[in-house]
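These protein sequence lines are chains S and B, in that order.
Heads up, the first sequence is in our numbering, so the first residue is 1 and it goes up one at a time.
Heads up, the second sequence is in our numbering, so the first residue is 1001 and it goes up one at a time.
Mixed in with the good hints there might be a few duds.
As the list claims (entries may be wrong) - Residues of chain B placed beyond 10 Å of chain S at every Cβ, according to the derived structure:
id	residue
1	K1081
2	F1127
3	P1367
As the list claims (entries may be wrong) - 30 Å max Cα-Cα, derived BS3-like pairs, lysine-lysine:
id	chain 1	residue 1	chain 2	residue 2
4	S	K349	S	K290
5	S	K324	S	K158
6	S	K240	S	K158
7	S	K114	S	K91
8	B	K1423	B	K1046
9	S	K202	S	K349
10	S	K290	B	K1425
11	B	K1423	S	K324
12	B	K1081	B	K1375
13	S	K114	B	K1045
14	B	K1375	B	K1425
15	B	K1388	S	K394
16	S	K91	S	K151
17	B	K1425	S	K377
18	B	K1456	B	K1256
19	B	K1045	B	K1423
20	S	K324	S	K151
21	B	K1336	S	K151
To be verified - Computed footprint of chain B on chain S; a stretch qualifies when at least three of its residues, placed anywhere within it, have a C-beta under 8 Å from a C-beta of chain B:
id	region
22	32-40
23	377-391
I should point out that these hints are in silico values taken from the structure, not numbers from a laboratory.
A quick note: this is a predicted structure, and the numbers were derived from the prediction, not measured.
The beta carbon of each residue, even a glycine, is placed where N, CA and C say it ideally should be.
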Amino acid sequence: MAARTTQEAQAVIDLASGDPHRAGIVPLSFVRQVLAVCVFPDLLRDDSIPLDARQRAQRFLDICPQGSVGVYSSTTGMPYVVQRIAEFISKRDGGIAADPNQIFFYSGTQENLKMVLNLLSSGSGEMQTGVLTPLPYPHTLPRLLQYTRLKLVPCSLKQSQGWAVNTEELHRTVTEAREHCNPRALFICNPGIPTGHVQDRKSMESVIRFAAAERLILLVQEVYQDCVHGPGIEFLSYKKVLLEMSQEYSEHVELISFNSLSNGSLGECGLRGGYMELVNTDTAVAERVKVLMGFRSPPVLPQPALEVMINPPTPGEPSYPTYKQEMSLIQTTLSHNAQRGYEVLNSLKDVSCQPAMGGIFLYPRLELPAQLIEEAKTLGLPPDVLLCQMFLDKAGVCVGAGSENGSEHDTYCYIRVSFAASSDTFQDALSRLCSFHHHLHETYS
Amino acid sequence: QFKVHIVKGVKCSNFYNKSVCYLCVQLSLSVRAAQIREELRQGVKKPYTELIDVTWGDPQGAGLKPLTFARQVLAACLYPKLLNNERLPADVRQRAEGLLHECHGGSVGSYTDLPGIPQVARQISEFISRRDGGVPSDPDHILISPGSQWALQVHEKYTAMYKFKQLYCGGGGVRSGVLTPQPSYSLSVMSVVGLGGVPVPYQLWEEQGWEVQVEELNRALEAAEGECDPVALYVINPGNPSGHVQRRKSIQDVIKFASEKRLFLLADEVYQDCIYKENIEFLSYKRVLAEMGPPFCDTVELASFHSASKGLLGEYVCGFRGGYVELVNMDPAVMKHVFTIFSKDNAPTPGQIALSVMASPPQPGDPSYPLYRTKQQMQTLIKDNVRKVHEVLNSLPGVSSHPVEGGAFAFPRIDLPPKAIQKAKDLGMEPDIFYCLRLLEDAGLFFTPGCEYGQKDGTYHVRYAKKRFHVEYKDLNTKIKQYYFSLAGFAS
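Looking at chain S on its own, in the form it has when it is part of the complex (with noise of 0.2 Å):
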């Protein structure tokens, strides 16, 4: 895409990347306020700055060598918060006893989960470690894998099944990929991305009993755990469900979970800060992260923002009420965005969408008219990355093409679209969507 100047940038939507600030989602006071006055500690002395926050930036302060937030961290994480992560995890999963010692914090679940896939990674040829995962899948997960020299293993998943997990098509995918590699671990996202598919028990468990048999490692993004859309649908974690499993699952399959500040309501992707969970890993893993963390500490600034993430202001609280009303307008905007969307794409000739049951994107399928195909054939682009190409330059919107998502097919495409917007960008973003797509039909009808 070419470069903008910011002027044009700023007019341009971006529904592509899964940033909810860039498309208006307003950021939580208190999660700044607590950041600014951590940064510049005269700021304790404000009364423009509600006295929770204060007190919270204060508690943070004190555990900080020197008192600053600008001196190197503890390698990782500092312990206060590792710790409260640990109790944010337990009490999520019903009482279930988490382990600081397994809880690592780092800049982003990318990097996190770069640490664990380089520990992984080794072979080449036929004995490359692969990794299995779902397709599709989500659009940083390729250049992550080549950089950390693995192989990606997809296996697809059916629209026309809700994108639903099937674990029969998992062994095929497995079994066959055998041949050219050394699979050793499933990477999943559940709320799915970009499908937003939500697990139950019972696909969870499955998948449990297929990495089981499969010996394969399971690593699990649960960074959208926070955004489940749909009435009756419940997050449940990994962790709780394996450990609620039998003996011969809960004590071997071992597990690794990501979450991050890059979530639904706080969506602070620019701050990079991020945890995860070792579960059932043996105890060498674990000292091998530390020593590789041991290399690069951790940024300070986002610890304080996962904290309160984790930990948000309750009733009685001086800031409980702002906090309260703002989460409740981002979580009803998500929702409403998620119903609108579907049901305005659904709406189009020739597209289809299935529902997101969670996380921040919809991944309607769009039936490609044949002149288009030909078209991107002879500029030697995929064709739905030249759809989303015509889309930007002549709606100013900007979508992401499925096939960086693996989705390739001959006569149809995928594209993913984030509904974390404020609800007029993305209304303004779905009228442009159907001027644009009947334009598209119309042109090449």
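Since the structure of chain S is provided, determine the placement of chain B on it from the hints.
For chain B alone, coordinates are given in the frame of chain S:
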């Protein structure tokens, strides 16, 4: 079960594996240091009342206060309501407003454009140009990264990929080599290996204050023949841990060498703000290259690295992770690939803001300037302290230390008595590790052993962070003297 694999280099795997082992030792030393701190806190009786840690170059960790201007700008960027707060100086509010304007959605929580906020890239290019006496710098050739180490890693990968494109595809299996200084910051070396490259060590000349010698570069290059295909030359100026600051002639010689041997120059210049010796000036590789004129200035490929974490006064915030790399004379087709690699990882926004302040600090006339200036004045104090410590150390028998020129660290040589060396070997330890361990236990002084950085066989060094010796550690000199004489007890 989840087994852990380490990428093994080819011939240099010994060096790499040793480095990892030493780092593990360093970690154990750190763990022991933390334990001792805790024991002291609990009142366990020791020959000292506090632990003095001189392993890291983290100025704020040693008690220096951060730069107010930087913190204020960052606070306002994080919480934009402060833009209306009159208690914040006008220049702070203006700066924050300008930066936020270029952040998507007006929030530092968005991913920034790759490779960084445009305004910050512009400020950095202006900063570079000023520093280099007017040599122009192109903002489009500046990539912002989360800390310079990361940028270096990406660069190694890029060099390897780039060179591979130039080789026969059928050739396969020939690894790219990177000439790396010894002693050197171990992480850089490991980055090379971690990305599938081969580190080719060249010795710095200790007798001449850790200078770079072209004959040694030649020797190293020749030694690499058959082992790998050298594609890059990595230099650290000011040196880490050596503290040597290269003079113009030295830089020119290195550039000529790189040009002749067609090596890509990687210049790690993160300690450029830390110059202690009078009459020495930091000259950037870029500047020297530009002033050499054609053909060098148009052909030698160079990447120079800097970071927001390594300033003299710690006004730059280590915890915020911000750095940049400037690319010079890069093939445009390859630049495109570099962008793709960089696009994998965004630099955290707070780090970019820290860079903005570093590149463009308050100017005379700005409301924040007076406060900023008082920080600058502390520089003289620090320089004095650094000189004093050097004098004390050098006066001890068996310790020889070069006058500190620049950088954050010093790397004195320790002549250990044979008995001490034997004792270490009996315990299965490297002698300098043994020395540091005893220093830690018996005197409460935490230094880093030299083996971690690479040293000539049979020589031993320790590394310490010079900046730590500012006001508080008055009795440090006494302690070192005391301890050293006790170690001399091994001589008898």
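Verification of the supplied hints:
no.	hint	result
1	K1081	violated (8 Å)
2	F1127	holds (20 Å)
3	P1367	holds (15 Å)
4	S:K349 <-> S:K290	violated (53 Å)
5	S:K324 <-> S:K158	violated (38 Å)
6	S:K240 <-> S:K158	holds (26 Å)
7	S:K114 <-> S:K91	holds (28 Å)
8	B:K1423 <-> B:K1046	holds (23 Å)
9	S:K202 <-> S:K349	violated (35 Å)
10	S:K290 <-> B:K1425	holds (28 Å)
11	B:K1423 <-> S:K324	violated (65 Å)
12	B:K1081 <-> B:K1375	holds (28 Å)
13	S:K114 <-> B:K1045	violated (44 Å)
14	B:K1375 <-> B:K1425	violated (47 Å)
15	B:K1388 <-> S:K394	violated (68 Å)
16	S:K91 <-> S:K151	violated (36 Å)
17	B:K1425 <-> S:K377	violated (69 Å)
18	B:K1456 <-> B:K1256	holds (27 Å)
19	B:K1045 <-> B:K1423	holds (26 Å)
20	S:K324 <-> S:K151	violated (44 Å)
21	B:K1336 <-> S:K151	holds (24 Å)
22	32-40	holds (count 7)
23	377-391	violated (count 0)
When held up to the earlier numbered hints, the structure conflicts with 1, 4, 5, 9, 11, 13, 14, 15, 16, 17, 20 and 23 and fits the remainder.
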